[in-house]
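Protein chains: 2
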Amino acid sequence: MFKKTLLTLALASTATLAMAAEKADYIINNATVLTMNNEKTVYENGTVIVRDDKIIAVGDADLSAQYKAETVLDVDGDIVMPGLINTHTHASMTVFRSLGDDVPDRLHRYIFPLEAKLVARDMVRIGAQLGNVEMIKGGVTTYADMYYFEDEVAKTVDEIGMRAVLGQTVIQFPVADAKNAQAGIQYALNFIEEYKDHPRITPAFAPHGPYTNSTETLQQISKLSLEHDVPVLIHLAESDREIEVIAERSGGLSPVAYMADIGALNHKVVAAHAIEVSDEDIALLKKHDVGIAHNMSANIKSAKGVAPALKMFNEGLRIGLGTDGPMSGNTLSTIDEFNQVAKVHKLVNNDRAAMPPINVIEMATIGAARALHMEDSVGSLEVGKQADIIVIDVKAPNMVPVYNPYSALVYSAYAANVRHSMVAGQLLMKDREMLTVDEDAIRNELLEYTETVRKTVLESGEEIR
Amino acid sequence: MFKKTLLTLALASTATLAMAAEKADYIINNATVLTMNNEKTVYENGTVIVRDDKIIAVGDADLSAQYKAETVLDVDGDIVMPGLINTHTHASMTVFRSLGDDVPDRLHRYIFPLEAKLVARDMVRIGAQLGNVEMIKGGVTTYADMYYFEDEVAKTVDEIGMRAVLGQTVIQFPVADAKNAQAGIQYALNFIEEYKDHPRITPAFAPHGPYTNSTETLQQISKLSLEHDVPVLIHLAESDREIEVIAERSGGLSPVAYMADIGALNHKVVAAHAIEVSDEDIALLKKHDVGIAHNMSANIKSAKGVAPALKMFNEGLRIGLGTDGPMSGNTLSTIDEFNQVAKVHKLVNNDRAAMPPINVIEMATIGAARALHMEDSVGSLEVGKQADIIVIDVKAPNMVPVYNPYSALVYSAYAANVRHSMVAGQLLMKDREMLTVDEDAIRNELLEYTETVRKTVLESGEEIR
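Chains as they are written, first to last, in my numbering: chain A, 1356 to 1820; chain B, 1356 to 1820.
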């Protein structure tokens, strides 16, 4: 009996230990963890536990002891935070990056002629592949894309292991993958059907803008998006030309008011730019639960102006950071936006306390998730959410010291300070090495493709400038 | 005879070859060379030859064959350009970086109390050491510094092998290294005497500003600077407070007009900021051949405004980029300024063609050299100039592709894209490894020092924020 009791106790003890050491895939510890949850909890010596594609625990150092994982990532004091979410880009346009940047009429001299001649499946794939690598190396784990042949972009996102909302363009002009808006809608519907069940890819409609589509097309897309429960990505309130066309079409309405008026604003819409918006427009965007992509760097480069992002953020709109495409931004990590977002809003509001770093990081993470209506699955480090996690090196000299991690990220970090990137529990980059794709092959294929771009520019009578 | 003739010919041939293969220390080849000379010559497959501390040849690929060097740096298509020149910083303040960034009255709540308690030889050395590493890793080969105990900064610059203009602060209040302005001037004179013959260090006076020094002190420094042929680094036309104080003192003059009026503007002066300058002020700055340090990132962060750098550049003033100190900027490579300088000037001038990348790169290199009155020795890759050279990685995904190297640098590059940095013919960083100092030891010493900073902040009743 005595022996048996002892044995029972021993077994019980082992069972308790076994129960305590719950199985996990990753223990990420020795970290400054920025959760970006509602309370903005920071664990100064924190731990994140990942199993399968999810976060199963977040907390202090003592959490580690409760789990047993295949891989322990001791990050030696680095910042661990939610993967960044780029709410607006055109990743494939990396093939054109640094071309004609400062030409005033570049849209008609460079972008449209090049796209007319070159947009094709290979170009879309080649450009997106490089954009994906750039984003993962810059800490972007989810992005929203608007372009042509989005099924090609989807294949690259699937392969690398990222998360994306991919919007198939609908536009009234003939383009490479559709001869008119109806053909574009059909292309989008086929794409949506193909990817509707993908765990990391959300197919979407991307009507280019209100001024480049008819009222009927915009209404049709709105209806279809609700039926299929997919997002609508659109450029909105971006340019003077758009304001003019829409005012003429609608008898004086602003683009936002027009979209509301025709019944095309709702909780599926993600509006890129929202530069030229009045207080009434902002109220409409809020009322209709529209997501906003704020692309500071591209907007000031084109001298289009500064979106009232501070007001939209403060009034509780769904707003997140975006980079715009690489002919606009020019880079694809929203880390490159941080500094400019914080500082230009201080400048235009004449207030050094405006747009503090913690708000910028919110717009880069959970705010961006809200803008894409994905806040239930990504954007913060919380139990049950997808394990989209990045690790930022705090030993690079520009990041030393860190009294305030939000300040260090916003005012000091470069995209190259990202050390590891994980999406859905899979490490895609470790110590700056890409793990799921061949970075050299992707770069070389793009560089080879630039010969075609150069030839096309020269044949059109323009210079490489 | 026949044999002898052959032998003679063979000898002659060897002699010719030997003469052709001139001795050098470095051949840097397979490069896109941006010379930043007057013609802005670019060698697409270029070569730079270095011997001792100087550039002895710059040209196309075939130049390589004419030299025989200890080290051939085949940079595989990377960009080779003049080392960047940071025209204004306070490198030692890295010890305070990311502290109280967005506090409206931070100068009085954080900076002054911390400096009053902590500025000392060790603090100055520890902060400058990290700043130096950050700058070399970010491609800055020369910087202009204003702080206390500049002889400590000088020791760190000497050790790491950089080039610097080091300005010893003169200010009317008691500070750590001088009880009043006279003591500051004496400290500066001793420092100037000690370093006047250093090959890479230019000692200078640094009167803090016109409003923090008396007219007599400013005049005395001006006279001494001409006598000793040393620069005068000064904050000028930076803040509303300065404008008020100087207007009151001078019967309504602007800071620039006041400096001219008292005879303190001349070709030895480097004015940091020049934000609040009228057209008349700009004309005075030009007339007196004053150098201008343009610190975009710091100026917009503090919501002080945007200096009319576009006008100053276009009117041919000596103007270069600076970062300001790490409590202001917050980083120390002017690469971090490029994007903001190009884009914010487009924004405020409402013109996407304003401030094109080539002008930004000019202000980062030869323009900055002109601002420091050093254009005869640094700022461009030309024969006879100092071999201050950096190599920028064009294979990092953010830098792919390069249709226009100036655009790629300005709109896409991070400080971390710098691969190698050379000063005076000595490689200080190779493949991102520091060669002349121990980066880990420098970082660890600074991190240890932050405990003192934290303690001091908390004891003063403020938070770490």
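These are calculated hints, taken from the structure and not from any lab test. Watch out, some of these pointers could steer you wrong.
Taking lysine-lysine pairs in the DSBU-like style, the calculated list, with each CA pair at most 35 angstroms apart, reads [claimed, not checked]:
| hint | chain 1 | residue 1 | chain 2 | residue 2 |
| --- | --- | --- | --- | --- |
| 1 | B | 1666 | A | 1750 |
| 2 | B | 1785 | B | 1510 |
| 3 | B | 1750 | A | 1785 |
| 4 | B | 1750 | A | 1810 |
| 5 | A | 1666 | B | 1666 |
| 6 | B | 1810 | A | 1750 |
Remember, predicted model here, so these are calculated numbers, not experimental data.
Checked hints:
Our distance criterion of 35 angstroms between C-alpha atoms is broken by residue 1666 of chain B and residue 1750 of chain A, whose separation comes to about 39 angstroms. For the given pair, residue 1785 of chain B sits about 22 angstroms from residue 1510 of chain B by alpha-carbon distance, which is consistent with the 35 angstroms threshold. For a cut-off of 35 angstroms, the pair hint linking residue 1750 of chain B to residue 1785 of chain A stands: about 18 angstroms separates their Cα positions. Between residue 1750 of chain B and residue 1810 of chain A the alpha-carbon distance is near 22 angstroms, which keeps this suggested pair within the 35 angstroms criterion.
Distance check on the hinted pair: residue 1666 of chain A and residue 1666 of chain B sit about 32 angstroms apart at the alpha-carbon level, within 35 angstroms; holds. The suggested pairing of residue 1810 of chain B with residue 1750 of chain A holds, with an alpha-carbon distance near 22 angstroms, which does not exceed 35 angstroms.
Consistency note: the structure conflicts with earlier hint 1 alone.
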